[in-house]
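Below are the chains, spelled out letter by letter.
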Amino acid sequence: MSAFKEYIGSFFKGLTSLLKGMRVTIRVFFRKKTTEQYPENRATLQMFDRFRGELIMPHNENNEHKCVACGICQMNCPNGSIRVESETVTDEEGKKKRVLKRYIYDIGSCLYCQLCVRSCPHGAITFDTKFEHAVFTREKLVRQLNHEGSTLEKK
Amino acid sequence: MLLNTYTDSLDFNALTQWIDQALSSVMPAWGVVLTECILIGLCLLLGYALIALALIYIERKVCAFFQCRLGPNRVGPYGTVQSIADMVKMLIKELITIDRVDRFLFNLAPYIVIISSVLAFGCLPFAKGLEVLDFNVGIFFLMAVSSIGVVGILLAGWSSNNKYSLIGAMRSGAQMISYELSIGLSLMTMVVLAGTMQLSEIVERQADCWFLFSGHIPAVIAFLVYLVAGTAETNRGPFDLPEADSELTAGYHTEYSGMHFGFFYLAEYLNLFIVSAVAATMFLGGWMPLHIAGWDGFNAVMDYIPSLVWFLIKVGVIIFVIMWFKWTFPRLRIDQLLKLEWKYLLPINLLNLLLMVIIVVTGLHF
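These protein sequence lines are chains U and R, in that order.
Residue numbers for the first sequence follow my numbering, so the first one is 1 and each next one is one higher.
Residue numbers for the second sequence follow my numbering, so the first one is 1 and each next one is one higher.
Chain U on its own, in the form it takes in the complex (with noise of 0.2 Å):
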């Protein structure tokens, strides 16, 4: 009698689940879709904030940036991606200091590994979502992230 009890509890069970599952996916259904038109939805586009696509030195409105040029994201990179050309500046009090001269940046040889930003101490680097990079040759892939005439933001 308990084997037959199974069976008709068994019909039911497996009907439920049936019919739960079938309930999800109607849902599914009509859920608004995920797919990105890529070129047509170019001006909406919405990138999820942590997409590397880019580094960037990020500069406030004086044209400051918060890099010391201490190298460390030099020494960081695997591929040697990154130039640190610093030079060394006496300020008005006779202290010898130094400044960032150029911050090259090669995205070509760059693996988007992140550890430049990671090992920033400063918060001078991130990352942008830009994706767009092609350009016909390869020396336009090296810029420079620093902006012409920008300074230390001072603390």
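In case anyone wonders, no lab produced these hints; they're calculated from the structure.
All clues stand as given, with none of them false.
Cross-link-like lysine-lysine pairs, in silico, DSSO-like; alpha carbons within 30 Å at most:
1) U:LYS66 to U:LYS140
2) U:LYS66 to U:LYS155
3) R:LYS339 to U:LYS5
4) U:LYS66 to U:LYS96
5) R:LYS61 to R:LYS93
6) R:LYS339 to U:LYS20
7) R:LYS61 to U:LYS20
8) U:LYS13 to R:LYS339
9) R:LYS343 to U:LYS5
10) U:LYS5 to U:LYS20
11) U:LYS32 to R:LYS61
12) R:LYS343 to U:LYS13
13) U:LYS33 to R:LYS61
14) U:LYS20 to R:LYS343
15) U:LYS32 to U:LYS130
16) U:LYS66 to U:LYS101
Computed from a prediction, not measured in an experiment: that's the story for all the values here.
Chain U is fixed; fit chain R onto it per the hints.
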């Protein structure tokens, strides 16, 4: 009887009679028959191809929506020309001759499959006055010819000289022969209620109330069993073991290329249409509009919709449900598949048939 009051807004009887008279006036009787046969054959094949193309597009769209995608959307508006482009591609592909196959059977198999589904397709009552083959054992004939397809599949697997094809074909044979029982018994339940096997008669008896409602409990059970068995019969997921892509590459049609593969593909989708059309005819009133006794205004509005549209809507709903099954449930193992049929569906079906007979004998149906 509502039957007499229902006049189709898109009447095919007038059209076919006009063609018949026009032909009779210009040629002898045998010429009329010959021309009409050729015309009907052309129309059927054209309809067959168009429905298959539409179904392939619909399947891809529905599948995409179930997976939160958009599906084909590049070729033509909303991707509507996609399946035509696929068809053109398939037509211009080479039919590769496989080494050491049974050449004759290998080339014969796809034609058997497609002939069986075209024959079944010809029996369907599409609309009022639009039925090619209509005789007293209509539904029986339809089931018989649609079962020929399994011979083609077995031949395809056997002649391909490929272990995957053979395993796929054997699975398909086991599956189709098992589920044929369920289909037959559930349809027999409805034949008991209808009292006839002629498809046009079956449709006309549902003028007042569809069999799904007039046969209440046993009809609903038979409908559900038919849906499950019909899904299995068309080799569609979750019963797609014969072509389980991950295990058997493509099952029985692994070795086929070009249009021979195209025939299997077409027949697969048309079988889906045929199974749904039979369900619509036997349970949901075929091309009959929805009538509710007493609601005369409502019935009049429903009558304005042409019968062909009614038929296609009903078939479409059932096709959607079968696609919904496919994209919801994971594939069964072969033992689970046979267990479902022999331990569950078959006993339910036999009891259900008995119940239906009791209900019809005691007059408990509507």
